[in-house]
Amino acid sequence: MSELTLTVMRLGFLAVLWLFVIVAVQVIRSDLFGTRVTQRASRRDAGRPQQSAARQAPPQQRQQPAGGRARRNAPTKLVVTEGTLTGTTVALQGQTITLGRAHDSTIVLDDDYASSRHARIYPDRDGQWIVEDLGSTNGTYLDRSRLTTPTPIPLGAPIRIGKTVIELRK
Amino acid sequence: MSSTTNTPTHHTSTIGSIGTPSRRNTELALLVFAVVIPVFAYANVGLAINGQVPSGLLSYGLGLGLLAGIAHLVVRKFAPYADPLLLPLATLLNGLGLVAIWRLDQSKLLQSLPTFVTAAPRQLLYTALGIALFIGVLIFLKDHRVLQRYTYISMFVALVLLILPLVPGLGTDVFGAKIWIKIPGLGTLQPGEFAKIVLAVFFAGYLMVKRDALALASRRFMGLYLPRGRDLGPIVVVWAISILILVFETDLGTSLLFFGMFVIMLYVATERTSWIVFGLLMSAVGAVGVASFEPHIQQRVDAWLDPMREYMLSRQGVVGHSEQAMQALWAFGSGGTLGTGWGQGHSELIRFAANSDFILATFGEELGLAGVMAILLIYGLIVERGVRTALAARDPFGKLLAIGLSGAFALQVFVVAGGVMGLIPLTGMTMPFLAYGGSSVLANWALIGILLRISDTARRPAPSPAPNPDAEMTQVVRP
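For the protein sequence lines, the chains are A and B, in the order given. Each residue of the first sequence is one higher than the one before, starting from 1 at the first, in this note's numbering. Each residue of the second sequence is one higher than the one before, starting from 1 at the first, in this note's numbering.
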């Protein structure tokens, strides 16, 4: 083997190895340079129903999934904003989300104030998301009021279970 | 008004499964890449040593490709939302390790040693077994939360695995470290590698239950949270166990690995910096204490402080000294920035254990700093995917298990690479996936399998709505 061929192969191999590393990093680029950063609806709007959220909609509209539900302001995800699971996100795709300490809950709460089957969040037939307390010991709070009946969830309104706070976002 | 101008007041970055695509095709593309690179390296070694493309190229490439392909298909079927990077990264490291082992098999110097065995075919067999184990984990472990039920059984199994090498007749003493057991007719096994995974399961299950007591019941003293005595119990027990391993099995690496893994998981579970301070203090006390009266460890420390003296003593024929450490440093040095090229270095001068504990020196010499950095980055990416899996997991047990496994993996890479490069005293551990050794390859493939299972659960979109009779009956009251 000529010296030149071996040198070319040596440098070529290093180049290929690094190319692999770079491609791998490209795959996880979203992790390294931040995931899609979403704005939290400001607290003041949280309690109000859909109108104020509708005014805020235009800059965020491109995040609306194509071919999604007919409702323009349908939330697309549930975000944990306080508590040990802060930052966890669950996509809302028409499924029922259960919250509690039970291991088979969608979101397993590790919270002394939560019951094993604490609450659930589900869409009704119009696609409106509803939160329902499942007879928990310490209660589920939407904004400041304790839930007694299944209640529709306004966008960005905090739902408090023990030390955990979750909200629905677009 | 701020509400109409829409000023962002608070940012939160979101992690997790927002309509995450399964990314299996990305994995396949990377996997093809990860098989092609070792095949290229294999051809390169053959051309450099014999001047011709090695005859086994096709079968070797097909063999590795077939194994990777089967693993990919199983992931596609049983863990469709799993992380796309872990499998290709592990495959690439395993493939490169095979090439380096085959390259050292070709060395005339190593062939003349009495301990020589042709290692590459065996390593290929171990890889096949490792991938079979990986597939087994993915198929039979449907949900990682099942492991939570076996918390205390795991503790028991881990202790048994650790004690096995000390059982007379079963354990074998290989070059000063009693970490192997002999299975008649099958060869030797290093139970410590498997204990790593089982122990992570125990720690995750235990800490999930006890973490509030560990985090909250503490007194504040000089800016540190001091835990209560009864909460300190388990950490002292683990510390004592790792010290005992160190004393009776003279295995510095494994005891460091277990204790480090426990401290990492304790910190993640409780978010208390004081545990890290405690952990570092206790490991320092333990290491200094053991090193001062255990001659084997003492000798390792001496060799680390002055490898040249060790080399000279070995050259003079003094029994019990080894020139490996110095030869490894020379290998790294002669590699320089870009290396000598595959098959053109002289890392066989390390002689014994050149293809296991010291395999990184071969990469350092033949691929140079550029190659070693790339390999360390690949290890870093595996750890990053593990930590990312822990972040995305929605249950505390999965989080702790993922962080424990990736932390153990990272510690092992640090302990081995640091030892070979002379940063810390040398310990008898293997570089995950690269080094020759059946137990290590099998255990690490199982580890990757469990990480893939956790990441599949974490990234999987929640199940489709189940028909719910209650919902029909519920009367919705709109405000």
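Some clues are possibly wrong.
Here are some chain A residues pointing at chain B (derived, C-beta under 8 Å) [said to hold, decoys possible]:
hint	residue
1	4
2	10
3	13
4	74
5	113
The set of hints was computed from the structure by calculation and includes no laboratory data. Every value quoted in this text rests on a predicted model; they were computed, and no experiment measured them. Here a beta-carbon is modelled for each residue, glycine too, at the ideal position from N, C-alpha and C.
How the hints compare with the structure:
1. With a cut of 8 Å, the hint placing residue 4 of chain A at the interface with chain B is violated, because the nearest CB-to-CB distance is about 12 Å.
2. Satisfaction of the interface hint for residue 10 of chain A is found here, the shortest Cβ-Cβ separation to chain B being roughly 4 Å, below the 8 Å cut-off.
3. Given the 8 Å rule on beta carbons, the hint for residue 13 of chain A holds: about 6 Å separates it from the nearest Cβ of chain B.
4. At a threshold of 8 Å, the smallest CB-CB gap from residue 74 of chain A to chain B is about 14 Å, leaving the interface hint violated.
5. A cut of 8 Å between beta carbons decides the hint on residue 113 of chain A: the least distance to chain B is about 12 Å, and the hint is violated.
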